[in-house]
Amino acid sequence: MQLEDQDILTLFFTKGKEQLAFGHLVNKYQERMYWHIRKMVINHEDANDVTQNTFIKVWKGLPKFKKESNLFTWMYRIATNETLNFIQTNKRRIAQSIEDIQIENRKDDPFFSGDEIEAKLYKAIGTLPEKQRLVFNMKYFQELKYTEIVEVLGGTVGSLKASYHHAQKKIEAYLTNTD
Amino acid sequence: MSKNQNNMKTNNEHIENEFPALDKLKGQNGFKTPTGYFDLLQNSIMSKVSETAKPKKVISFYKVFGYAASVAVIAGIASIFFFGGNDQSSIEEFGQLTVNEYFEDISGVDLELDESLEFDEMAMN
Chain A
1 MQLEDQDILT LFFTKGKEQL AFGHLVNKYQ ERMYWHIRKM VINHEDANDV TQNTFIKVWK
61 GLPKFKKESN LFTWMYRIAT NETLNFIQTN KRRIAQSIED IQIENRKDDP FFSGDEIEAK
121 LYKAIGTLPE KQRLVFNMKY FQELKYTEIV EVLGGTVGSL KASYHHAQKK IEAYLTNTD
Chain B
1 MSKNQNNMKT NNEHIENEFP ALDKLKGQNG FKTPTGYFDL LQNSIMSKVS ETAKPKKVIS
61 FYKVFGYAAS VAVIAGIASI FFFGGNDQSS IEEFGQLTVN EYFEDISGVD LELDESLEFD
121 EMAMN
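Residue numbers (this note's numbering), protein chains in the order written: chain A, 1 to 179; chain B, 1 to 125.
Note that these hints are calculated values from the structure, not bench results. Just so you know, not all the hints are guaranteed correct.
Each computed DSS-like pair below joins lysine-lysine, with the alpha-carbon atoms no more than 25 Å apart [unchecked claim]:
#, chain 1, residue 1, chain 2, residue 2
1, A, K66, B, K63
2, A, K15, B, K26
3, A, K139, A, K169
4, B, K63, A, K123
5, B, K24, A, K161
6, B, K48, A, K28
7, A, K169, B, K48
8, B, K48, A, K139
9, A, K131, B, K26
10, B, K32, A, K60
11, B, K26, A, K28
Could you put together the complete structure from these sequences and hints?
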């Protein structure tokens, strides 16, 4: 059974129920957080570390969480910041992870089962600047609304739409032109 | 179908077909995780949370400042009553003091009653 965010928060702010509430929160959002992070850092082990750090930060930050805010976008913001920090300090590693996605002989890769065109897609996404990559991932894979993405990344709906459109153009060109 | 609706349909089709390769891949996820990974992830997160125990409650500066100000005001009022009350009681008790206690009280010097008596006797002789 998945509780509503408001119910999780009410439970969390009930004395002695913090861990129970947090368990519900992790259960509800861990997969979404993981995939949000994984699509950025590519490597599973890195995504695992960043996801765990994200939830520890969520745990530490929850007591000062303002109940009128959106819990889901607040968590996304933490996950995004953690991911960007990780990328900043591990640029070479991320580049290598993107390089490691095999377009051919993918059966050798224990963490990738997509077909050739899908492997190309991830390589294409890897060529985007970080912010554009985030916008693209959040819209294309996670199908978030622009208003939700604004809450996480800032900016305006108009600028995000433009960013997403540019990203789509670049990726489409990569997919159709690269051999 | 009206002309407007036709135009809208054409526009939508144009938008949908603008990125055909991307549209085709929509909803696919080629990345894999180890079997049962998310059960392990939850356990791992919860055990780390247990280690950090209860999240620290954050007390705002303004709250602390408010408490400190209240304590200062209460202490101030209490000191007025305490010291003011002491002065009053010393006047009331003045008549009950012995001479020696009185001198001790005003000068802080510990006078020996016997010595002062001896001094009085010498003066009388």
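Results of checking the hints against the structure:
1. With a C-alpha separation of about 16 Å, the suggested pair K66/A and K63/B falls inside the 25 Å cut-off, and the hint holds.
2. With a CA separation close to 44 Å, the supplied pair K15/A and K26/B exceeds the 25 Å bound.
3. With a CA separation close to 14 Å, the supplied pair K139/A and K169/A stays within the 25 Å bound.
4. Restraint check: the Cα-Cα separation between K63/B and K123/A comes to about 52 Å, which exceeds 25 Å; the hinted pair is violated.
5. About 21 Å separates the Cα atoms of K24/B and K161/A, which keeps this hinted pair within 25 Å; it holds.
6. At most 25 Å may separate the alpha-carbon atoms for a hinted pair to count; K48/B and K28/A meet this at roughly 18 Å.
7. A hinted pair counts as satisfied when its Cα atoms are at most 25 Å apart, and K169/A with K48/B does not qualify at roughly 42 Å.
8. At most 25 Å may separate the alpha-carbon atoms for a hinted pair to count; K48/B and K139/A exceed this at roughly 32 Å.
9. Distance check on the hinted pair: K131/A and K26/B sit about 20 Å apart at the alpha-carbon level, within 25 Å; holds.
10. Distance hint between K32/B and K60/A is unfulfilled; the C-alpha atoms sit about 30 Å from each other, more than 25 Å.
11. Restraint check for K26/B and K28/A: the C-alpha separation of about 23 Å stays at or below 25 Å, so the hint holds.
Hint compliance for this structure: hints 2, 4, 7, 8, 10 are broken, all remaining hints hold.
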